[in-house]
Every structure is written in structure tokens, then in C-alpha cells.
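Trainee: The lines below spell out each chain.
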Amino acid sequence: DSGVTQTPKHLITATGQRVTLRCSPRSGDLSVYWYQQSLDQGLQFLIQYYNGEERAKGNILERFSAQQFPDLHSELNLSSLELGDSALYFCASSIGTGLTGELFFGEGSRLTVL
Amino acid sequence: SQQGEEDPQALSIQEGENATMNCSYKTSINNLQWYRQNSGRGLVHLILIRSNEREKHSGRLRVTLDTSKKSSSLLITASRAADTASYFCATDGYSSASKIIFGSGTRLSIRP
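Respectively, the protein sequence lines represent chains A and B.
Going by this note's numbering, the first residue of the first sequence is number 1, and it counts up by one from there.
Going by this note's numbering, the first residue of the second sequence is number 115, and it counts up by one from there.
Same shape as in the complex, but just chain A:
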């Protein structure tokens, strides 16, 4: 158990809909990272927050947004969903930024868009 909790584990929805994925980082970790992994692909970096502030952005679509709350949990909002958004979405947390320490990954939220 990594200590990172992601909900929901599975989500099935229709095109055009909006969903919210939630991540609770490991106790004491200030950084949260979001990644998208399509079927049998690598991880695409979406966005990173540190102590409530956005620190880095990857190839995140404008239809996607995220935030980190004062209690350090984070939410990833996906709107106007398309079939191609079907993927496994991972949250990872770490104490600081960068790779001086390891990232702890949740088990992911599997999104299926029909």
C-alpha cells in the first residue's frame, strides 16, 4: 500500500459528460502529480501541484483542469469527454518536487467513455 488513495477506481460515462477524479496523497507529502496512461502506453504528464500551487504543466487539454486543496487532496476534472479520453489516470505524491525523492502512486482511476 503506497498510502495514496484514488477514487473512483472505475468510472464509465458517456461522451460529452464531465467527471471528477480525486486523489488523497500520502500523509506528509506536499506534491501531487497527475498522469494519463492509455492502453499499453507510457504515462503522459498532465500537471503537478505543490502545497496548493500549480508548479508544472504538461500536455493537458483545455477540457481538463485540476486543483489542490488546503488539505492537500487534489481533484482532476475532465469535461466534454471524448472516446479518446478513455484511459487510466494516475495520481502520485512526493514530499518535495523533482526526483530527489520517490513518487508514490495510487492504483489509478480507470475511465471508460462510451
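Be aware that one or more of the hints could be misleading.
[To be verified] Label-pair ranges, simulated between beta-carbon atoms: (1) B:LYS170 x A:GLY96: 14 to 22 Å; (2) A:ASN51 x B:GLY154: 29 to 37 Å; (3) A:SER38 x B:SER223: 18 to 26 Å; (4) A:LEU114 x B:ARG155: 22 to 30 Å; (5) A:SER80 x B:ASN166: 39 to 47 Å.
[To be verified] PhoX-like cross-link-like pairs, simulated, lysine-lysine; straight-line CA separation at most 25 Å: (6) B:LYS140 x A:LYS57; (7) B:LYS170 x B:LYS140; (8) B:LYS170 x A:LYS57.
[As the list claims (entries may be wrong)] Output of the computed footprint for chain B on chain A, the stretches with three or more beta carbons under 8 Å from beta carbons of chain B: (9) 43-51; (10) 87-99; (11) 102-109.
Bear in mind the hints are in silico, worked out from the structure with no lab data behind them.
We put the CB at the ideal spot given by N, CA and C, even for glycine.
Based on the hints, put chain B in the right spot on chain A.
Mentor: The following block gives chain B in isolation, referenced to the frame of chain A:
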């Protein structure tokens, strides 16, 4: 890929043999880490190597880093069936440490 490529994409070896995976990246880095992913699960950290290091060992794992070639390799010795998984390298950019980029991964299968 945003940052790194790994090769081979897939590797199948006999149990007991050694497995070598390679990772290349595009920009200068501070640190490089290797992670393992069992099918559909969250990634698990294996080992960290800093940009000023050339080689690290951890149990059956050996990692090398060549910053001049912007590449790293992961060697797993005396492979076991339980090593079957996908392996990814991750890098943090020298100019943007917050952006942690993963390679495309190598799918390793160990034949009993």
C-alpha cells in the same frame, strides 16, 4: 513521447537470464529513477540515480547513467517469474524539476 524513449519495447527471456533495458531522454536532468508497473497497477519505485552518478546497485538491480549520451540502462540479474512487469524510467528536467516525465516503457516477460 514527451521526454524519453525506452528500448526494447518488449523483452522476453528465460528465467535465470539477465534482462537489460535502455532509456534515452532529451534534455539535461537532475535525477533519473526507474519504476516498475504490474499490469494495470500503480507504479512502484525501484532505484534513483543522480546526474553526477554513473552507476548504482540495489539487490539484483544495476543502473547506469551516461549524461553525455542522455541515456540510462537498467539491468536485472538472475531474473525470476515475479519480475514480469513493465519498466519505466523517469526524469526531472534540469530547468524544470517539477515536470517529471516517464519513458514509454519496456514490457518484460520472464519465461519459466
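Trainee: Going through the earlier hints one by one, which of them does the structure break, listed in rising order?
Mentor: Hint check: 8 fails alone, others pass.
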